[in-house]
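*Asks:* Residue-level listing of the chains:
Protein chains: 2
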Amino acid sequence: MSNSKTAKADIDVLVSEVGPRDGLQSVKRTMPTTAKLDWIAALADAGLREIEVGSFVSPKLLPQMADCADVVAGARPIDGLTVLALVPNLKGAERAFAAGVDKVTMPVSASRAHSKSNINMTPEQAVEQVAAVCRLRAERPDYRHIEVEAGVATAFGCTMEGAVSEDWVMQLAGMLVKAGADSVCLSDTTGYANPAQIKRMFKRLHAEIGDKCGGAHLHNTRGQGLANVVAALDAGVMTFDSSQGGLGGCPYAPGATGNIVTEDLVFLLESMGLRTGIDLDKLIGARSKVLAGLPGETLYGNVADAGLPKGFQYASGGRPA
Amino acid sequence: MSNSKTAKADIDVLVSEVGPRDGLQSVKRTMPTTAKLDWIAALADAGLREIEVGSFVSPKLLPQMADCADVVAGARPIDGLTVLALVPNLKGAERAFAAGVDKVTMPVSASRAHSKSNINMTPEQAVEQVAAVCRLRAERPDYRHIEVEAGVATAFGCTMEGAVSEDWVMQLAGMLVKAGADSVCLSDTTGYANPAQIKRMFKRLHAEIGDKCGGAHLHNTRGQGLANVVAALDAGVMTFDSSQGGLGGCPYAPGATGNIVTEDLVFLLESMGLRTGIDLDKLIGARSKVLAGLPGETLYGNVADAGLPKGFQYASGGRPA
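So the protein lines, in turn, are chains G and L. To convert, note that position 134 of the first sequence is 749 in the numbering used here; the numbers rise steadily by one, no gaps. To convert, note that position 95 of the second sequence is 710 in the numbering used here; the numbers rise steadily by one, no gaps.
No lab work stands behind these hints, which were simulated from the structure alone. Please read all numbers here as calculations on a predicted model, not as lab measurements. It is possible that part of the hints are untrue.
Identical chains share a label here; the pair holds if one copy fits it or two copies do between them.
[Said to hold, decoys possible] SDA-like mimics (lysine to any residue), calculated; alpha carbons at most 25 Å apart, straight line:
(1) Lys-827 <-> Arg-934
(2) Lys-925 <-> Glu-781
(3) Lys-793 <-> Val-642
(4) Lys-925 <-> Ala-728
(5) Lys-818 <-> Gly-851
(6) Lys-818 <-> Gly-888
(7) Lys-904 <-> Asn-704
(8) Lys-925 <-> Ala-778
All chains, full assembly: derive it from the sequences and hints.
*Replies:* Here it is in structure tokens:
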């Protein structure tokens, strides 16, 4: 992204860590603010360049996210880090912009039933919120550098509606670009996506909105998360969301993660010869920060247990930059 | 395979179940013979058409496999099932042929260190065993229908040697075809493979040995199993080994499976529009047979917990055949 403060020329794929937001909001306990910042610092030190540090939603709905402005303020000084937060609407964006985020991500659900139950808006009303946030950004010079990303939730299917129309997802993506979003991601919120569908839809998304085509937010509900990554790479996707240790798990599948696991994703990419800029030893070391903030929490992922293969080489040939 | 008793025209991908061999040999307890046969019958009823029912090795080394001849005899009457067994050498093949198998698979390790420690032979000596088994088959008319598959173990890397030469793997595959093998599979014995490597090597294998190019035996040690399936499909691979419930786990990675999980593999393939002929509900139901034979054993896999997506459709459109 041209307006990002992070230089990305030395990496092939951007891994966007969502653990402090998507992971923590799925855990009932609240991680203390200082622990969140320790964890974020360790992730950045491992090479993560974009971290979704929290979500500006009502503290009544998600008390785990009540300190989001403090977390943004604490993460801002980290050199080279894009500080990203989720905002559901204009009100959230006002708080996020005031707190000093570099980027916001706004979920817009393709499924009407999911949209209603999740944010009590129609998809069209959610698009209007994106437009309002982009207008807010345009109004103030000190906000103009902030990226606005839209994420089409339930893009690959919905637990309430079942199949979701691909034509409608593409139409929605076009509406979001028109509303002013810098990029549009597709989210497999429900763990319904399969690799054939991922490849087909991201190719179509690129044809539809060109360089506004964003990343993939994939879940591992049915064990298919990294398989979908391979298909998305094939379709040219170069940004992936993931969560350290698959934090938060998956409410529908005991033993399964919600988000794909950052450690396993980075291993996959680096072993395929794609530079992420992330040091796997440091990344695995950062798991201790999660446990420091949430003692006894279950962490997922296979690479942390199995270790790296004998003779493993990073894509860059040496250590990651 | 032309000499298989299983008609495969109505499926796109053959899922070869290895749980009763690869899974059970990784579990210390021994599943009783009748329980093995109940499980195999349930798998076949779910639509599995090829099952590796055991291994003809020394009962001193693997007491769990001591009843292999009885299991073969018990599985033989199942209509449409290819009864497959692992044999490490000529002696094992003699027992397997006498027991009435439809097919044998012979591991030949590309890594010299692994070959030595696993079967106490050099790779060249192991190839000579394949040749001897093919001669045995040629000698007796009642053996001539038996398929001989060779599997190149540690084809993607070795825990002892690290990287394994791709040129050498291809050379070995050529030697195995020359020795008389009907097909040559590549096995990621150590969970080292990545999708880029899988795609490259299977394409090369096909160029090298044409229609003798066999399936992929993939592990999930670092969470990359199904990602490798997607890459292998891209390279034209149409046969995959997997194990129900990831039975036996992975000794190197607590919480991880060894073999990829049949349930998750079948879900992935069917959701991609590839017909397996397997009924997922019946397949998930067959997990109870594993637990009947090995009470309290840990089973893995996400689909069994998460269930099928709302509105899920098999690749055939209706129920699997």
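*Asks:* With reference to the structure, classify each hint as holding or not holding.
*Replies:* Going through the hints against the structure:
In this homomeric assembly, Lys-827 and Arg-934 never come within 25 Å of each other (Cα to Cα): the closest approach is 32 Å inside a single copy and 40 Å across copies. In the homo-oligomer, the alpha carbons of Lys-925 and Glu-781 lie at most 25 Å apart only across protomers (16 Å), although the nearest pairing inside one protomer, at 43 Å, exceeds that limit. In this assembly of identical chains, the alpha carbons of Lys-793 and Val-642 never lie at most 25 Å apart, being 35 Å within a copy and 58 Å across copies at closest. For a Cα distance limit of 25 Å, the shortest separation of Lys-925 from Ala-728 across copies, 14 Å, qualifies, whereas the shortest one inside one copy, 49 Å, does not.
For the homomeric pair Lys-818 and Gly-851, the shortest alpha-carbon distances inside one copy (8 Å) and between copies (21 Å) are both at most 25 Å. With identical chains, the CA atoms of Lys-818 and Gly-888 are at most 25 Å apart both within one copy (22 Å) and between copies (18 Å). In this assembly of identical chains, Lys-904 and Asn-704 lie within 25 Å of each other by CA distance neither inside one copy nor across copies; the values are 31 Å within and 51 Å between. With identical chains, the CA atoms of Lys-925 and Ala-778 are at most 25 Å apart between copies only, with a shortest distance of 8 Å across copies and 43 Å within one.
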